[in-house]
Amino acid sequence: MPSNETQELEDQENILTSLRNSSKSISPKKPKQMIDKKNISEESTDFFSDSEAKLKSPAKKVAKIVQLTKKSAGKSEDKDIGEEKKPKTAAKKKAPAKKSDSQKKAAKKTETEKKTTKKLETEKKTKKPAKKDNEPSKEEIIDLIISLNRPFSVQDLLITLKNSIGKAALTKYLSEFEKKELIVSKNYNKTVIYCPKQSDEPINEEELLELDSQINQLKEKNGKLKEEIQEKNNFLAQILQFQDDLSLKKEIIDLKNYIEKNILRIQGLKSGGKIDEKEMNELEINFKKSNLKLKEIKSKFFTVVDALCDGMGLKRKEFYEEAGLEM
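Under the UniProt record's numbering, think of the first position of the sequence shown as 1, with each following residue one higher.
Be aware that one or more of the hints could be misleading.
[To be verified] Computed list of lysine-lysine pairs in DSS-like fashion (alpha-carbon distance at most 27 Å, straight line):
#1 K105 x K119
#2 K172 x K186
#3 K115 x K104
#4 K162 x K172
#5 K162 x K186
#6 K172 x K138
#7 K256 x K270
#8 K172 x K197
#9 K162 x K190
#10 K293 x K317
#11 K288 x K274
#12 K317 x K298
#13 K317 x K295
#14 K261 x K250
#15 K278 x K300
#16 K179 x K167
#17 K138 x K162
#18 K261 x K288
#19 K256 x K289
#20 K190 x K167
#21 K261 x K274
#22 K179 x K197
#23 K219 x K232
#24 K288 x K300
#25 K256 x K278
Hints listed in this document are in silico derivations from the structure and should not be mistaken for laboratory results.
Could you put together the complete structure from these sequences and hints?
Pasting the structure below:
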(Lines of atoms letter the chains of each structure in order from A and count residues from 1; the text may use other names and numbers.)
(Lines give C-alpha, C1' and ligand atoms only; values in the text may rest on other atoms or scores of the structure.)
Protein backbone atom coordinates (compact mmCIF):
# COMPACT_ATOMS: atom_id res chain seq x y z
CA MET A 1 0.00 0.00 0.00
CA PRO A 2 1.30 3.50 -0.72
CA SER A 3 2.28 5.84 2.14
CA ASN A 4 -0.53 8.43 1.42
CA GLU A 5 -3.29 5.83 1.81
CA THR A 6 -1.85 4.49 5.08
CA GLN A 7 -1.72 8.04 6.45
CA GLU A 8 -5.40 8.61 5.57
CA LEU A 9 -6.45 5.33 7.24
CA GLU A 10 -4.53 6.19 10.39
CA ASP A 11 -6.25 9.59 10.53
CA GLN A 12 -9.64 7.96 10.11
CA GLU A 13 -8.93 5.49 12.93
CA ASN A 14 -7.89 8.32 15.21
CA ILE A 15 -11.15 10.15 14.44
CA LEU A 16 -13.18 7.01 15.21
CA THR A 17 -11.42 6.44 18.54
CA SER A 18 -11.91 10.10 19.53
CA LEU A 19 -15.64 9.87 18.71
CA ARG A 20 -16.07 6.68 20.74
CA ASN A 21 -14.35 8.23 23.72
CA SER A 22 -16.53 11.35 23.45
CA SER A 23 -19.73 9.21 23.37
CA LYS A 24 -18.67 7.39 26.57
CA SER A 25 -18.00 10.62 28.45
CA ILE A 26 -21.56 11.93 27.69
CA SER A 27 -23.29 9.15 29.70
CA PRO A 28 -25.54 10.88 32.53
CA LYS A 29 -25.00 10.48 36.28
CA LYS A 30 -27.84 10.40 38.82
CA PRO A 31 -27.84 13.26 41.31
CA LYS A 32 -27.62 12.39 44.99
CA GLN A 33 -29.99 15.08 46.12
CA MET A 34 -33.73 14.71 45.74
CA ILE A 35 -35.30 16.47 42.77
CA ASP A 36 -38.78 17.04 41.59
CA LYS A 37 -40.36 14.63 39.08
CA LYS A 38 -41.26 17.41 36.69
CA ASN A 39 -37.82 18.83 36.71
CA ILE A 40 -36.41 15.37 36.35
CA SER A 41 -38.60 14.53 33.43
CA GLU A 42 -37.88 17.81 31.63
CA GLU A 43 -34.19 17.55 32.25
CA SER A 44 -34.19 13.93 31.14
CA THR A 45 -35.97 14.69 27.90
CA ASP A 46 -33.59 17.55 27.17
CA PHE A 47 -30.62 15.38 28.00
CA PHE A 48 -31.67 12.45 25.78
CA SER A 49 -32.46 14.72 22.83
CA ASP A 50 -29.02 16.35 23.07
CA SER A 51 -27.28 12.98 23.38
CA GLU A 52 -29.13 11.49 20.38
CA ALA A 53 -28.21 14.50 18.28
CA LYS A 54 -24.60 14.13 19.31
CA LEU A 55 -24.62 10.39 18.65
CA LYS A 56 -26.30 10.71 15.24
CA SER A 57 -23.61 12.93 13.82
CA PRO A 58 -20.63 10.58 14.64
CA ALA A 59 -22.56 7.56 13.29
CA LYS A 60 -22.81 9.22 9.91
CA LYS A 61 -19.16 10.06 10.05
CA VAL A 62 -18.30 6.44 10.90
CA ALA A 63 -20.34 5.13 7.92
CA LYS A 64 -18.53 7.50 5.54
CA ILE A 65 -15.16 6.50 6.93
CA VAL A 66 -16.01 2.77 6.51
CA GLN A 67 -17.03 3.36 2.88
CA LEU A 68 -13.78 5.23 2.21
CA THR A 69 -11.71 2.46 3.78
CA LYS A 70 -13.49 -0.19 1.66
CA LYS A 71 -12.86 1.77 -1.53
CA SER A 72 -9.21 2.34 -0.69
CA ALA A 73 -8.81 -1.36 0.21
CA GLY A 74 -10.47 -2.41 -3.09
CA LYS A 75 -8.19 -0.14 -5.05
CA SER A 76 -5.10 -1.47 -3.32
CA GLU A 77 -6.25 -5.09 -3.89
CA ASP A 78 -6.87 -4.37 -7.58
CA LYS A 79 -3.39 -2.89 -7.86
CA ASP A 80 -1.84 -5.91 -6.13
CA ILE A 81 -3.76 -8.32 -8.41
CA GLY A 82 -2.70 -6.38 -11.51
CA GLU A 83 0.90 -6.48 -10.40
CA GLU A 84 0.67 -10.23 -9.74
CA LYS A 85 -0.97 -10.89 -13.15
CA LYS A 86 1.89 -9.18 -14.97
CA PRO A 87 4.18 -11.81 -16.61
CA LYS A 88 7.62 -12.28 -15.14
CA THR A 89 9.16 -12.41 -18.57
CA ALA A 90 8.47 -8.70 -19.07
CA ALA A 91 10.86 -7.90 -16.24
CA LYS A 92 13.44 -10.37 -17.53
CA LYS A 93 13.45 -8.98 -21.06
CA LYS A 94 16.80 -7.51 -21.95
CA ALA A 95 17.42 -4.71 -24.34
CA PRO A 96 19.12 -5.81 -27.60
CA ALA A 97 22.89 -5.44 -27.46
CA LYS A 98 24.20 -2.65 -29.59
CA LYS A 99 26.70 -3.61 -32.31
CA SER A 100 30.14 -2.12 -32.11
CA ASP A 101 31.65 -0.02 -34.90
CA SER A 102 34.06 -2.80 -35.95
CA GLN A 103 31.18 -5.30 -36.29
CA LYS A 104 29.20 -2.81 -38.36
CA LYS A 105 32.20 -2.21 -40.63
CA ALA A 106 32.77 -5.97 -41.07
CA ALA A 107 29.08 -6.51 -41.95
CA LYS A 108 29.22 -3.70 -44.51
CA LYS A 109 32.42 -5.15 -45.98
CA THR A 110 30.88 -8.62 -46.42
CA GLU A 111 27.78 -7.12 -48.05
CA THR A 112 29.92 -5.14 -50.52
CA GLU A 113 32.01 -8.25 -51.33
CA LYS A 114 28.87 -10.28 -52.02
CA LYS A 115 27.54 -7.58 -54.32
CA THR A 116 30.81 -7.36 -56.25
CA THR A 117 31.01 -11.18 -56.70
CA LYS A 118 27.42 -11.26 -57.98
CA LYS A 119 28.20 -8.46 -60.44
CA LEU A 120 31.29 -10.29 -61.71
CA GLU A 121 29.34 -13.54 -62.18
CA THR A 122 26.60 -11.79 -64.14
CA GLU A 123 29.19 -9.98 -66.26
CA LYS A 124 30.97 -13.27 -67.02
CA LYS A 125 27.70 -14.88 -68.10
CA THR A 126 26.58 -12.00 -70.28
CA LYS A 127 30.02 -10.95 -71.62
CA LYS A 128 31.16 -12.40 -74.92
CA PRO A 129 34.76 -13.57 -75.22
CA ALA A 130 36.91 -10.72 -76.47
CA LYS A 131 38.70 -11.29 -79.74
CA LYS A 132 42.49 -11.41 -79.52
CA ASP A 133 44.44 -8.65 -81.24
CA ASN A 134 46.88 -11.05 -82.93
CA GLU A 135 44.19 -13.58 -83.95
CA PRO A 136 44.62 -14.52 -87.63
CA SER A 137 41.80 -14.08 -90.11
CA LYS A 138 40.24 -16.79 -92.29
CA GLU A 139 42.25 -15.68 -95.33
CA GLU A 140 45.53 -15.92 -93.41
CA ILE A 141 44.68 -19.42 -92.14
CA ILE A 142 43.79 -20.80 -95.59
CA ASP A 143 46.93 -19.21 -97.08
CA LEU A 144 49.01 -20.92 -94.40
CA ILE A 145 47.35 -24.30 -95.11
CA ILE A 146 48.07 -23.98 -98.83
CA SER A 147 51.67 -22.91 -98.19
CA LEU A 148 52.27 -25.89 -95.87
CA ASN A 149 50.90 -28.26 -98.54
CA ARG A 150 50.82 -31.30 -96.24
CA PRO A 151 48.35 -33.22 -94.04
CA PHE A 152 47.74 -31.78 -90.56
CA SER A 153 45.49 -32.06 -87.52
CA VAL A 154 43.87 -29.30 -85.49
CA GLN A 155 46.56 -29.60 -82.83
CA ASP A 156 49.36 -29.33 -85.42
CA LEU A 157 47.82 -26.20 -86.89
CA LEU A 158 47.40 -24.67 -83.41
CA ILE A 159 51.11 -25.24 -82.76
CA THR A 160 52.09 -23.59 -86.06
CA LEU A 161 49.79 -20.67 -85.27
CA LYS A 162 51.35 -20.51 -81.73
CA ASN A 163 47.90 -20.76 -80.08
CA SER A 164 46.93 -17.33 -81.39
CA ILE A 165 43.40 -18.68 -82.00
CA GLY A 166 41.10 -20.89 -79.97
CA LYS A 167 40.51 -24.52 -80.83
CA ALA A 168 36.74 -24.09 -81.23
CA ALA A 169 37.15 -21.14 -83.63
CA LEU A 170 39.77 -23.00 -85.67
CA THR A 171 37.60 -26.12 -86.04
CA LYS A 172 34.74 -23.88 -87.13
CA TYR A 173 36.93 -22.27 -89.80
CA LEU A 174 38.13 -25.69 -91.01
CA SER A 175 34.57 -26.97 -91.35
CA GLU A 176 33.73 -23.86 -93.40
CA PHE A 177 36.78 -24.46 -95.63
CA GLU A 178 35.68 -28.07 -96.10
CA LYS A 179 32.19 -26.99 -97.13
CA LYS A 180 33.73 -24.59 -99.66
CA GLU A 181 35.87 -27.55 -100.94
CA LEU A 182 39.12 -25.78 -100.17
CA ILE A 183 40.36 -28.67 -98.00
CA VAL A 184 39.52 -32.36 -97.48
CA SER A 185 39.42 -34.41 -94.25
CA LYS A 186 39.64 -38.02 -93.16
CA ASN A 187 39.29 -39.76 -89.77
CA TYR A 188 42.23 -41.78 -88.41
CA ASN A 189 41.73 -43.38 -84.97
CA LYS A 190 39.32 -40.73 -83.65
CA THR A 191 41.48 -37.86 -85.00
CA VAL A 192 40.54 -35.81 -88.04
CA ILE A 193 43.34 -35.19 -90.54
CA TYR A 194 42.98 -32.29 -92.97
CA CYS A 195 44.78 -31.65 -96.23
CA PRO A 196 44.54 -28.90 -98.86
CA LYS A 197 42.58 -29.96 -101.91
CA GLN A 198 44.97 -30.57 -104.86
CA SER A 199 42.65 -32.06 -107.47
CA ASP A 200 42.25 -28.67 -109.17
CA GLU A 201 45.99 -27.95 -109.16
CA PRO A 202 47.79 -28.25 -112.56
CA ILE A 203 50.21 -31.20 -112.86
CA ASN A 204 53.78 -30.51 -114.10
CA GLU A 205 55.30 -33.62 -115.70
CA GLU A 206 58.88 -32.36 -115.44
CA GLU A 207 58.56 -31.99 -111.66
CA LEU A 208 57.14 -35.51 -111.45
CA LEU A 209 60.11 -36.92 -113.43
CA GLU A 210 62.55 -35.11 -111.15
CA LEU A 211 60.78 -36.52 -108.09
CA ASP A 212 60.93 -40.06 -109.56
CA SER A 213 64.67 -39.72 -110.18
CA GLN A 214 65.23 -38.46 -106.62
CA ILE A 215 63.26 -41.43 -105.28
CA ASN A 216 65.40 -43.88 -107.26
CA GLN A 217 68.63 -42.28 -106.02
CA LEU A 218 67.45 -42.50 -102.45
CA LYS A 219 66.55 -46.17 -102.92
CA GLU A 220 70.08 -46.94 -104.21
CA LYS A 221 71.65 -45.14 -101.26
CA ASN A 222 69.41 -47.04 -98.91
CA GLY A 223 70.44 -50.38 -100.44
CA LYS A 224 74.17 -49.55 -100.14
CA LEU A 225 73.74 -48.52 -96.52
CA LYS A 226 71.94 -51.78 -95.75
CA GLU A 227 74.88 -53.79 -97.24
CA GLU A 228 77.42 -51.84 -95.18
CA ILE A 229 75.40 -52.41 -92.03
CA GLN A 230 75.26 -56.16 -92.73
CA GLU A 231 79.04 -56.38 -93.24
CA LYS A 232 79.71 -54.52 -90.01
CA ASN A 233 77.33 -56.75 -88.11
CA ASN A 234 79.11 -59.88 -89.38
CA PHE A 235 82.50 -58.48 -88.40
CA LEU A 236 81.16 -57.61 -84.97
CA ALA A 237 79.87 -61.17 -84.51
CA GLN A 238 83.35 -62.56 -85.35
CA ILE A 239 85.01 -60.22 -82.87
CA LEU A 240 82.58 -61.23 -80.13
CA GLN A 241 83.55 -64.89 -80.63
CA PHE A 242 87.14 -64.16 -79.67
CA GLN A 243 88.33 -64.15 -76.08
CA ASP A 244 89.27 -61.01 -74.29
CA ASP A 245 92.89 -59.94 -73.73
CA LEU A 246 93.26 -61.38 -70.22
CA SER A 247 91.97 -64.81 -71.16
CA LEU A 248 94.20 -64.87 -74.26
CA LYS A 249 97.30 -64.01 -72.22
CA LYS A 250 96.52 -66.81 -69.77
CA GLU A 251 96.01 -69.29 -72.60
CA ILE A 252 99.33 -68.31 -74.17
CA ILE A 253 101.16 -68.94 -70.89
CA ASP A 254 99.54 -72.39 -70.53
CA LEU A 255 100.50 -73.36 -74.10
CA LYS A 256 104.10 -72.30 -73.53
CA ASN A 257 104.34 -74.49 -70.45
CA TYR A 258 102.81 -77.43 -72.34
CA ILE A 259 105.30 -77.04 -75.21
CA GLU A 260 108.29 -76.90 -72.86
CA LYS A 261 107.09 -80.03 -71.09
CA ASN A 262 106.68 -81.96 -74.37
CA ILE A 263 110.11 -80.82 -75.60
CA LEU A 264 111.78 -82.24 -72.50
CA ARG A 265 109.83 -85.48 -72.90
CA ILE A 266 110.87 -85.90 -76.56
CA GLN A 267 114.47 -85.26 -75.69
CA GLY A 268 114.36 -88.03 -73.09
CA LEU A 269 112.81 -90.52 -75.56
CA LYS A 270 115.44 -89.68 -78.19
CA SER A 271 118.29 -90.35 -75.75
CA GLY A 272 116.83 -93.83 -75.05
CA GLY A 273 115.94 -93.15 -71.50
CA LYS A 274 113.28 -95.04 -69.61
CA ILE A 275 109.73 -93.77 -69.14
CA ASP A 276 108.58 -93.21 -65.62
CA GLU A 277 106.06 -95.61 -64.16
CA LYS A 278 103.79 -92.79 -63.24
CA GLU A 279 103.82 -91.42 -66.78
CA MET A 280 103.19 -94.91 -68.16
CA ASN A 281 100.12 -95.33 -65.99
CA GLU A 282 98.75 -91.98 -67.14
CA LEU A 283 99.22 -92.99 -70.79
CA GLU A 284 97.40 -96.28 -70.30
CA ILE A 285 94.44 -94.52 -68.64
CA ASN A 286 94.22 -92.00 -71.49
CA PHE A 287 94.40 -94.79 -74.11
CA LYS A 288 91.55 -96.71 -72.48
CA LYS A 289 89.38 -93.59 -72.36
CA SER A 290 90.03 -92.74 -76.00
CA ASN A 291 89.38 -96.38 -77.05
CA LEU A 292 85.99 -96.34 -75.30
CA LYS A 293 85.05 -93.09 -76.99
CA LEU A 294 86.05 -94.52 -80.37
CA LYS A 295 83.82 -97.57 -79.83
CA GLU A 296 80.86 -95.33 -78.94
CA ILE A 297 81.39 -93.24 -82.06
CA LYS A 298 81.68 -96.34 -84.28
CA SER A 299 78.49 -97.87 -82.91
CA LYS A 300 76.57 -94.63 -83.52
CA PHE A 301 78.04 -94.34 -87.00
CA PHE A 302 77.09 -97.86 -88.01
CA THR A 303 73.53 -97.46 -86.70
CA VAL A 304 73.13 -94.34 -88.86
CA VAL A 305 74.65 -96.08 -91.91
CA ASP A 306 72.41 -99.11 -91.46
CA ALA A 307 69.33 -96.92 -91.26
CA LEU A 308 70.33 -95.10 -94.44
CA CYS A 309 71.06 -98.38 -96.23
CA ASP A 310 67.65 -99.77 -95.28
CA GLY A 311 65.95 -96.62 -96.51
CA MET A 312 67.90 -96.54 -99.78
CA GLY A 313 67.91 -100.31 -100.34
CA LEU A 314 71.71 -100.56 -100.50
CA LYS A 315 74.42 -102.49 -98.76
CA ARG A 316 77.21 -100.89 -96.73
CA LYS A 317 79.84 -101.15 -99.48
CA GLU A 318 77.45 -99.71 -102.06
CA PHE A 319 76.59 -96.86 -99.69
CA TYR A 320 80.30 -96.15 -98.99
CA GLU A 321 81.01 -96.02 -102.70
CA GLU A 322 78.13 -93.59 -103.38
CA ALA A 323 79.02 -91.47 -100.36
CA GLY A 324 82.77 -91.53 -101.25
CA LEU A 325 83.81 -92.94 -97.84
CA GLU A 326 86.88 -95.11 -97.35
CA MET A 327 86.64 -97.84 -94.73
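State the violated hints by number, sorted upward, taking the hints as numbered earlier in the document. Structure breaks hint 15 only.
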